[in-house]
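*Asks:* The lines below spell out each chain.
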Amino acid sequence: MSIVDEYLAAEAAGQFRAIRRRALRHIHDGGDIRLFVPFHHAGNDFSVVGLAFGRPRRRPDILICPPDPLDRIAVVATLTPFVDALLGWVDTHPVTQLTSAAGRPYFAAAASPQLFVPSEGSKTAIDNWSYFLRHVPDDWSNAARLQRAGWELSALVEAAEWPGQSTLVALTRMLAEHWALGLSTTETESLAAAVALVKATPAGLGWKQLRAAEEVTTGPLGDPGTFDDIAYRNARRRARTAHPDVIATVEAAWRVATEAWELVAALPEAPSAHPAHSEAVADWAGRVGPGRTRGRWARRAVPPLGRSAQRLGRLEEAQESLLSRQAESDVLVAAELAGEGDAVLADHVHIDVTSHNRKYTVDITVAASQLRVPEMGTHLLVAGPAKRVVGVVTDVVGSPGAWELVLTIRANLGQCTGINTAKTLFPSDVVWLVPPPPRYRPPLQMPSGSPATHPGSIVQWTPVGTDPNAPDGTDVLDDGGLAQGAGNA
Amino acid sequence: MIENGLRARIDARYLAKAGAQAECGAGRLPVDYDRLLAHTPFDPKAEQATAAIAYGNVFERRCADDAHSYARVLVALEEAGLIVGDVAVEDLGLLDDHTIEDLAEETHRLLGGMLHGDIPTVLIAQAVLRFEFAGTTVYLKPDALTIVPITVDSYGEVVAEGTPGGRVELVPVEIKGFRVRPARYPDRKMAGALEQVGTYQLALRREAVALGFLADVVSDRAVIINALKLGMAPVASVHDNRAVRLTLERRITATEARLQAAHLDDPNGAFAAAVALDPKKATAKDRLAVMAALVDTYGHQYSPECLAHCGAAKWCREQAADEPGRLGNLRSVQFAGSIQRARRFAWGVEAAPSPEFEPLVAELGDARRLVQAACAQAGLVPLAPPPSGANGKAALTTKSPAVGRGSASKRPVPNRRGRAAVARNG
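Chains as they are written, first to last, in the numbering used here: chain A, 1 to 489; chain B, 1 to 426.
Among these hints, one or two may not hold up.
As the list claims (entries may be wrong) - Simulated crosslink set (DSS-like; lysine-lysine; CA at most 27 angstroms straight-line): (1) B:Lys141 / B:Lys285; (2) B:Lys45 / A:Lys208; (3) B:Lys285 / B:Lys45; (4) B:Lys45 / B:Lys280; (5) B:Lys280 / A:Lys208; (6) A:Lys208 / B:Lys189; (7) B:Lys45 / A:Lys199; (8) A:Lys208 / B:Lys141; (9) B:Lys189 / B:Lys45; (10) B:Lys189 / B:Lys141.
To be verified - With beta-carbon atoms standing in for the labels, derived distance ranges: (11) A:Ala143 / B:Ala67: 33 to 43 angstroms; (12) A:Ala143 / B:Glu105: 52 to 62 angstroms; (13) B:Ala378 / A:Arg57: 28 to 38 angstroms; (14) A:Gly88 / B:Pro385: 34 to 44 angstroms; (15) B:Ala233 / A:Arg300: 16 to 26 angstroms; (16) B:Ala233 / A:Gly88: 48 to 58 angstroms; (17) A:Gly88 / B:Asp286: 49 to 59 angstroms; (18) A:Arg300 / B:His98: 48 to 58 angstroms; (19) B:Gly231 / A:Arg300: 16 to 26 angstroms; (20) A:Asp245 / B:Ala276: 30 to 40 angstroms; (21) A:Ala298 / B:Val75: 26 to 36 angstroms; (22) A:Asp395 / B:Ala378: 23 to 33 angstroms.
To be verified - Examples of chain B residues toward chain A, derived with CB under 7 angstroms: (23) Ala49; (24) Gln334; (25) Phe335; (26) Ile339; (27) Gln340; (28) Arg343; (29) Ala346; (30) Ala378.
Honestly, the hints are just simulated from the structure, not real lab data. This structure is a prediction, so every number in the text was calculated from the model and none was measured. Every residue, glycine too, gets a C-beta built ideally from N, C-alpha and C.
Working from the sequences, and respecting the hints, build out all of it.
*Replies:* Okay, structure coming up:
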C-alpha cells in the first residue's frame, strides 16, 4: 500500500467515513450493464439458494429462489428465466471473426457484456455455478442453453483478470478503489458497510450503524448460519416455495448492490477507463469467439506454461500502462504515484522554448519539494489542466525536502498541449509529472501454442486425463494446485 | 473446577486456533465468546451452517460405504501415492456402546499393534486420540489414521512407498466435504483443514512416545480427502504439514502455560466468573461486564483476522478503534502508534516526539500535501484537519453506544501494544 493510501486510510478511519481516493470513475459504463447477486449454501458451492439478475434499479428483472437448493434437477428447471435473460443479453454483444496480417484468425468485438456483482465471493460463486452449468448432462431438459450459459459466464470470469476491466466487477472492490473506507480488507468485503461509509455525512458513521450495515446483506436474520439453516430446513420440509426470509435477503442484497452501482456511476468517467476495458473486451472475444462461431466450447483449466507466462507478462504490462493512463487524467492517482516517487508534483515551473531548424525544443525546469523523486532518466509525462508533454528527466539537483528537477523535453510543440511559444503557465496551475506507459516485454518468451512441457524449466506441467463430464471431452484436468493425485480419479 | 457455563469446548478447532493472536491473553482462555456475547450488540452470530454439516456427514458416510470398508478412501490414498498395503480396516465408529475413554484406549491399543506389526490393521477410522492440555484431557477425533510402509534416504526424505518389512509411518487422514475442481483451488478451506490435522499430528506424536516409539514415526505429511468436482467421488491430496505442526506446537505450548497460570492465579476471578456465567439468565450488561473484566485482567490484541474465528472480535474491534492494527498492516500507521496520531502527524498538529519519528512525520505530511493539492485541483471537498492537542483522541471510541453503557468500559482497557507505544514514544 502506498503512503498516500495509508494516509487516506487513516483519514477515513479517523473520520469514520469514506474519503475519495479517485477523482474520476475508472470503470467504464457501456450503458447496458447488469447486476448479479448470487447466494449458495456454505457447504456446497454448486447449490443455488437464490439469485437476482437484471439492470441496476429498485427491483431485479429476475429473482429466483429454488425451494430446494440442493436438488440440482429442480434447480436448473427454475433457472430457465435467468438463462434466457442472460443469453438474450450476452447475444447483444456480437463477436466477429477476422484475419490478422499473418493470416491467423482472431476474434474481435465492439463491446462485451458488463456484469457487476456484490463482492469477490460472488465472483467465486459465479465461477462455481458456471462450472456446474457447463457440465449439466446432455439429457437434462434445456441442457444446451444451460451449458452455453455456463461457458459465457466462465468467459466473463476469465476476462476479468485484465487490469482496468469492466467485464465482471466486484462492487466491493470498485468502491474500495474509488474511496478509502478506513476498514481492513476483511471488512471491506461487506458491501453494505462500504456503501454506508460512502454515504455517511461529514459527521461520520457510528459503530452501531456500521454493525447494522454489516448485517444487511445477510437479510432480516443478520446471520449467514441462520440464513443457511432456514433455506436448508425449508427444503427438508419439502416446501414448494423458498422461505420468505431467503427471498427478503436476496432482495436486500440486490438493493445494496444497486446503491453501490449508483454511487460509482455518479462519478464522471475517466478517459482511460474505456481503453483499459477494451483490452478485456478483446480477451473476452477471443474466449467466446470459437464457441459462438463454431459451436465448439473448450478451455484449459491450466494453460501450458508458455502461454501462461505470456499472459502474465501481458497482464503486468497492462497494469503498468493502466496506472500511467489513469494518472494522466486523475490527479489523485498522480498524487498516489508522487507519494511513491513515481511522479512529481511541481511547485514552480519555468519553460524555455527554442527553435532549431524549424524544430522546437522545450526545456522545463521544475522545482519540487516532496521527499521522494523519480530516478534520473525516468520517462515523464507532464500533465496538468489542459497540458500534456512527454519528456525525460535529465538531471536531478537538490537535497531531501527541497528538490529541484531539471527536465529536458524534446517534442513538437503540437504535442505539447497547452504550452505555446508564449510559455503560458498560470500561477494557479498545478503540474503533475507522471511516467508514461513502459515498454514492457514478458520475461519469458515462448512461441504460442508451445507444448505443455518446457524442457529445462523448473516447473513442469503434465495433463493427467480427460474430463468425463466435459460436454465434448476436451476439458483438460489438472491438479489445480493440489499435491499429488487430486486429478487422477 | 467450574464446568459447563461458558467454558469453551476444547477440541481440534480450539487447539488449531489457540494462541493464533500471540498477544491476546483473553483470546487464549477457554471461554465460549460466541455465547458470552450473544444477545449483546456484539453478537457474533456464528451459527454453523446446517447444510454444510449435513453435507459433510453425507460425504463421510459415502467414504465409509455401507460395509464400513473405506474402500473408496483406500483407493484415493493409493492414487495419491500412499500405498498402505494389505487392507484391514478398524472402524471405531461402529462401537456405539463404548465411552470416549474406551475408544481412546482402543485407539491406543490398535496404534501399538500397528506400529509393532502385531496386527494387520492399516487404517483406523473414527479414531480417538487423548491429548493432555492444561490439566484437562482432551479427546480428538481424526477421521482416519493410516500406517504406510516407507523407505527414506540418508536425509530422511521419503523416497519410496509401500516397501514391506521396512520403516513405517503414521499418517492422519481428514475427510472434508468441500469440493476440489480444476481451476479453482479452495485454499482457505484447505489451510483450515491442515491446521486441524496439525493438532492430530501433535496428539499422535505423544501417543507414539507413550508407546515407546520415536515421535518421528508420525509423518509430517497430512492427507485431506475431498469430493471431486460435481460428484461425491473422494480424492486425496497429500500436503507437507511440518511447518503447520511446528507452529501449532509452539502456540499450544504457550497457550497451555498461560492457561495453567490462569487456573492457579485468576486475580480478579474474571475467568471463573466468565465460565460460571449462566447464559440463560445473564443480561447483556452482565455479559459485557464479564467481557470487560476478562480483558482488564488478561489483556487483548485485536487484528482483522480475529473477525474470522473469535466470537469477541466485534467487541475488541470497537475497543481498538484507534489502534493501528484495526486497519491491518499499515506500516506508517503502525509506526505512529495510533490512527489519530498518524493523522495529527500528517497535519502537523503534533510534532515528532523524537528524531526517529521525523521521517514518518515528513512522509505523512508529504502525503497529506499531495492529496490536498490533488483535491483542490479536482474540485473535491478539502479534507478537514483532526482535532488538535494531545487529547484529540479517536472520536470513534466515544461513538460506541453499547460500550459506553457498559460499566467496565469506562475504565481504560489495557492494551499491551498501546501501552508499549506510549512508553516508547514518551
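*Asks:* It remains to establish, for every hint, whether it holds in the given structure.
*Replies:* For each hint, the structure was consulted:
1. B:Lys141 / B:Lys285: 37 angstroms, violated
2. B:Lys45 / A:Lys208: 16 angstroms, holds
3. B:Lys285 / B:Lys45: 18 angstroms, holds
4. B:Lys45 / B:Lys280: 17 angstroms, holds
5. B:Lys280 / A:Lys208: Holds, at roughly 25 angstroms.
6. A:Lys208 / B:Lys189: 31 angstroms, violated
7. B:Lys45 / A:Lys199: 26 angstroms, holds
8. A:Lys208 / B:Lys141: Outside the cut-off at roughly 40 angstroms; violated.
9. B:Lys189 / B:Lys45: 20 angstroms, holds
10. B:Lys189 / B:Lys141: 19 angstroms, holds
11. A:Ala143 / B:Ala67: 33 to 43 angstroms: 35 angstroms, holds
12. A:Ala143 / B:Glu105: 52 to 62 angstroms: This hint holds: roughly 55 angstroms between Cβ atoms.
13. B:Ala378 / A:Arg57: 28 to 38 angstroms: 30 angstroms, holds
14. A:Gly88 / B:Pro385: 34 to 44 angstroms: Violated: the Cβ-Cβ distance is about 53 angstroms, outside 34 to 44 angstroms.
15. B:Ala233 / A:Arg300: 16 to 26 angstroms: 22 angstroms, holds
16. B:Ala233 / A:Gly88: 48 to 58 angstroms: 36 angstroms, violated
17. A:Gly88 / B:Asp286: 49 to 59 angstroms: 58 angstroms, holds
18. A:Arg300 / B:His98: 48 to 58 angstroms: 51 angstroms, holds
19. B:Gly231 / A:Arg300: 16 to 26 angstroms: The hint (16 to 26 angstroms, Cβ to Cβ) holds, given that Gly231 of chain B and Arg300 of chain A are roughly 21 angstroms apart.
20. A:Asp245 / B:Ala276: 30 to 40 angstroms: 36 angstroms, holds
21. A:Ala298 / B:Val75: 26 to 36 angstroms: Because 30 angstroms falls inside the window, the suggested range holds.
22. A:Asp395 / B:Ala378: 23 to 33 angstroms: 30 angstroms, holds
23. Ala49: 4 angstroms, holds
24. Gln334: 9 angstroms, violated
25. Phe335: 10 angstroms, violated
26. Ile339: Hint holds; Ile339 of chain B Cβ to chain A Cβ min 5 angstroms, cut 7 angstroms.
27. Gln340: 5 angstroms, holds
28. Arg343: Holds - the Cβ of Arg343 of chain B comes within 7 angstroms of chain A, reaching about 5 angstroms at its closest.
29. Ala346: At about 6 angstroms, which falls below the 7 angstroms cut-off, the nearest Cβ of chain A leaves the hint on Ala346 of chain B intact, so it holds.
30. Ala378: 4 angstroms, holds
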